[in-house]
Amino acid sequence: MKVDIEKANQEGASRILKAKPTIVDISTAGEAVPGMKKNMILHAGPPLTWDRMCGPMRGAVIGGLIYEGLAKNQKEAEELAASGDIEYSPWHHHAGVGPMAGVATWSMPVWVLENKTFGNKAYCTLNEGLGKVLRYGAFSEEVIARLKWMETELAPILKKALDKHGEIDMKNLISQALQMGDEGHNRNRAGTSLLIRELAPYLVRLDEDREKIAKVLEFMHSNDHFFLNLTMPAAKCTVDPAANIEGSSVIYTMARNGTDFGIRVSGLGDRWFTAPATMVDGLYLPGFTAKDAAPDIGDSVITETSGIGGFAMAAAPAIVKFVGGTPKDAVNFTKQMYEITVTENDTYQIPFLDFRGTPTAIDLIKIEETGILPRINTGIAHKDPGVGMVGAGLVRPPEKCFHDALEAFVEKYGD
Amino acid sequence: MKKILVQKDSYYDSVFLMLINKEVKQFDGVKDAVVSMGTDVNVELLKDMGLANEEVESATANDLIIAVEAESEEVAEKAIEAAKELLNKKKSESAESDEYRPVSLDKAVEMLPDANLVVISVPGAFAAREVRKALNMNLHVMLFSDNVSLEDEIELKKLAEEKGLLMMGPDCGTAIINGKPLCFANVVKKGDIGIVAAAGTGLQEVTCSIEKFGGGITQGIGTGGRDLKNSQVGGRMMRMGIEALKNDPETKVIVVISKPPAEDVAGKVIEALKETGKPCVIHFVGLGAGKQEGNLYYAENLEEAAGMAVALSKGEKYEKRTFTIPEEEVEAIVERETQNMAPGQKYLRGLYTGGTLADEAMILFEREIGNIYSNNQTKPELVLKDPHTSQGHTIVDLGDDVFTVGRPHPMIDPSTREERIIKEMEDPEVAVMLLDIVLGYSSHEDPAGAILDSLKKAKVKAKERGGYLSIVTSITGTKGDFQNMDEQKKKLESIGCVVMPSNYQASMLALKIIRKVG
Amino acid sequence: MNVKPINELFKKELVVINMGLESFADNLKDVGVKVLQMNWKPPAGGNKKISSLLSRLGR
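Protein chains in written order, with the numbering used here: chain A, 1 to 415; chain B, 1 to 518; chain C, 1 to 59.
These are calculated hints, taken from the structure and not from any lab test.
Fair warning: this is a prediction, and the values are worked out from it, not measured in the lab.
It is possible that some hints are incorrect.
[To be verified] Cut-off 35 Å, straight-line C-alpha distance, at most; resulting in silico cross-link-like pairs (DSBU-like, lysine-lysine):
#1 Lys229/B to Lys12/C
#2 Lys49/C to Lys252/B
#3 Lys171/A to Lys159/A
#4 Lys246/B to Lys29/C
#5 Lys335/A to Lys163/B
#6 Lys412/A to Lys252/B
[To be verified] What the simulated footprint calls covered on chain C by chain A, stretch by stretch (three residues with Cβ under 8 Å from a Cβ of chain A suffice, anywhere in the stretch; the number is not a length):
#7 31 to 44
#8 47 to 54
Just so you know, even glycine gets a beta-carbon here, dropped at the ideal spot from N, CA and C.
Construct all of the structure, not just a fragment, from the sequences and the given hints.
In structure tokens:
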């Protein structure tokens with residue numbers, strides 16, 4: 001065989017473990033995100049065109065165009081979206097990640113994180129909140145107004161507080177959150193609380209209108225998933241250095257855009273392997289059923305890719321009820337993940353498993369050998385744009401991605 | 001009304017599914033049912049039965065299929081629900097045991113670093129790969145799975161030889177290592193006789209007989225049925241087993257059992273035995289006794305192999321005899337069994353669950369009266385036209401592949417034999433039914449009890465016709481087996497079955513009866 | 001023929017990994033043998049193509 005896969009994977013795993021994801025700034029997409037353009041719409045998942053987009057994604061695009069001032073209303077937005085004048089690009093191609101539809105435009109504020117060990121950065125928008133929000137495909141006036149508020153008040157104020165506070169060590173916060181019942185994907189309450197705790201004194205000291213500061217604090221407090229938009233870029237800048245290692249079968253990207261599920265493998269560069277997105281198997285909020293669900297969507301599965309989220313489910317037994325299982329299931333799901341990863345995390349630990357490190361560095365070959373697919377917890381969007389979240393559950397990624405990736409890997413490195 | 005459910009990514013092992021399948025088929029109103037994994041073979045079967053749809057056709061070996069044909073939609077749905085319940089019951093029972101069950105062998109070894117043996121009984125198509133992994137991790141292997149290709153067997157045994165590891169199989173049903181039962185095996189006393197066998201129930205019969213004669217065993221090494229038959233496999237495992245027993249200080253006597261080997265392989269085995277310098281008993285089922293050569297002794301049947309080995313172990317002279325019960329008693333039994341037979345009764349029907357035991361009987365009858373039909377016959381004119389239908393004198397091995405498609409082996413599930421007994425009892429020309437009752441681990445918990453009703457019915461039917469059906473049996477087992485050998489004997493005798501001390505003696509008794517009425 | 005590991009096995013306690021029918025593990029547990037029951041599944045969901053791809057990687 002042409003290459004030492006084991007060695008390559010150890011290298012990839014080691015880079016992931018060495019990461020030091022750190023919040024360094026708040027900026028805007030236009031200013032900070034590499035390759036960003038005024039007519040560009042960043043989105044979650046693998047490459048996608050308007051004609052293939054699902055309901056929530058389209059809704060988010062419409063909202064993004066209106067927010068950015070490129071269209072005045074839905075009709076104009078739809079025409080513009082289909083015209084060919086808008087460039088659609090995956091967040092992953094711009095060192096970033098976006099939750100659910102993940103739509104971002106030039107003016108949107110973004111978190112800027114840096115992996116201090118390797119110097120690479122990652123970006124993500126700030127989380128808007130729950131319910132009728134852009135990332136679920138809503139584009140009403142209320143949504144646009146909120147986005148504007150985030151751009152003009154929330155982000156600048158937080159930036160000032162962050163500048164005063166100095167950089168925030170995300171690895172440390174995530175590690176604490178995991179020991180407080182979070183898993184970093186579907187449960188972020190502890191992380192959000194820790195973040196507020198970090199920033200609160202600095203917010204209070206700012207020379208800003210008190211009411212404005214209060215609104216910022218209330219906003220963060222009212223949204224349990226505020227921290228998600230930080231765990232995601234933390235995960236992103238953690239795994240990116242593990243890309244492009246010759247001979248490595250470590251999966252450094254998993255992502256969905258509501259139409260396709262896609263993965264990328266370290267030793268296969270930036271090739272995407274996609275397959276139709278699957279449906280989530282979960283519990284629905286009152287009034288909703290499986291018939292209302294949109295297919296799996298979002299970059300938030302980057303958390304699993306880095307060894308948290310569904311891979312740390314045993315740290316968040318509460319999440320399992322929400323996805324329809326028992327705490328014992330949570331433990332077993334996590335234990336299964338150890339069979340498809342290269343290593344165990346040395347910082348993210350699971351108290352219930354005697355502080356065992358989370359399964360880290362997903363190995364494509366082990367997935368194919370064992371038939372165990374990565375376990376992903378996720379929210380479920382309504383299939384119609386703008387309705388919002390209708391439930392949460394477990395999703396089984398499509399096997400085809402992994403089969404295709406293996407075929408390519410063997411083509412390149414096999415006998 | 002047909003209803004089909006495909007559950008993706010839900011692997012269950014085949015024996016478990018077959019038992020569930022059996023239960024579902026018995027529900028009221030269910031005409032037919034299949035509960036199986038979506039392997040190519042099973043999907044074809046479902047297609048043939050008209051129980052396939054698009055989902056079924058795209059199912060894989062990792063997907064569960066529950067297909068039901070019932071009198072109404074309601075019944076079909078209920079049946080599927082009940083099947084799911086049964087499946088989940090077992091899953092949750094096993095999930096209760098706290099320990100995580102690893103999916104990969106790597107993980108298993110990580111969890112159990114002291115492991116020294118892997119018992120593999122996964123479907124044959126996947127077995128070779130697992131064996132290779134195990135051997136490369138320096139683990140000994142017991143390979144129960146069959147349908148492993150010849151090429152794979154050769155390659156794996158070469159690898160095992162290189163590493164000096166046991167690779168017992170493929171298709172190895174029985175082994176006893178360090179006194180511990182692997183797969184189908186009996187609880188046998190410890191002693192100084194070591195056995196290497198290319199015959200599962202043969203090993204069972206010999207080990208049980210050894211205990212019966214007052215001896216005990218050191219090791220019972222299985223080699224898989226093909227080990228000596230094929231020149232390329234070359235008896236590798238047999239020779240490794242012999243070498244190990246040669247080196248084993250606990251083993252004073254070596255026994256080798258097999259169906260007749262390929263000629264060149266036989267030569268190698270005999271050489272190897274000669275080199276051990278220990279007294280060796282050879283029994284090639286179907287080959288007559290050879291002359292004793294130096295330390296090599298030839299036995300004519302399984303029981304004799306045991307008898308000779310024990311005599312050698314005790315330093316006693318082996319007394320050759322057919323029956324271990326007094327001549328007068330044997331004659332009395334023959335008399336009793338034949339005195340009420342009707343004039344037309346003349347045929348033997350051997351209904352066996354153990355392959356080697358069936359072969360032993362078949363070869364014996366071949367030699368003594370000829371014209372024995374069987375599904376195991378080598379003479380084409382004596383192969384049963386339809387394995388499910390006896391002709392003349394018939395000895396059928398119910399463990400043969402043709403009977404175990406979609407059904408567990410008759411040693412696990414007696415219903416195959418039960419059905420055959422019911423069929424045979426309709427034939428007024430049957431004089432003797434000859435059966436093996438195999439006890440030990442993995443066998444049914446009450447093999448005699450399970451067929452008692454049908455045997456009784458058969459005797460009653462014969463009586464109603466003005467005749468008498470003789471049922472001759474032997475029990476392959478020891479007092480240590482959980483089925484309680486004495487109870488099993490009592491059950492059989494309570495309905496008038498003759499229980500002989502060994503398969504050989506049972507066959508010889510049946511022969512006497514046939515001769516008397518023939 | 002090298003059979004040293006076999007003779008060594010004869011002197012040790014059997015420690016078994018059971019890959020397949022659970023009843024075989026139960027039997028061994030019954031007689032006091034340490035057994036680990038695997039939750040074996042067909043590799044790559046029984047997909048033969050994948051199995052052969054894996055073998056080209058020496059797995």
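Going through the hints against the structure:
Of the pairs offered as hints, the one joining Lys229/B and Lys12/C holds, with about 32 Å between alpha carbons and a cut-off of 35 Å not exceeded. A distance of roughly 50 Å separates the Cα atoms of Lys49/C and Lys252/B; the hinted pair therefore is violated under the 35 Å criterion. Taking the CA atoms of Lys171/A and Lys159/A, the gap is about 20 Å. The hint holds against a cut of 35 Å. Between Lys246/B and Lys29/C the alpha-carbon distance is near 30 Å, which keeps this suggested pair within the 35 Å criterion.
Using a Cα cut-off of 35 Å, the hinted pair Lys335/A and Lys163/B holds, with the two alpha carbons roughly 33 Å apart. In summary, the hint linking Lys412/A to Lys252/B is not supported, as the alpha carbons are separated by about 57 Å, beyond the 35 Å threshold. By the rule of at least three residues with a Cβ nearer than 8 Å to a Cβ of chain A, the coverage given for the segment 31 to 44 of chain C holds, with 4 such residues. For the segment 47 to 54 of chain C, the stated coverage by chain A holds: 5 residues have a C-beta nearer than 8 Å to a C-beta of that chain, and at least 3 were required.
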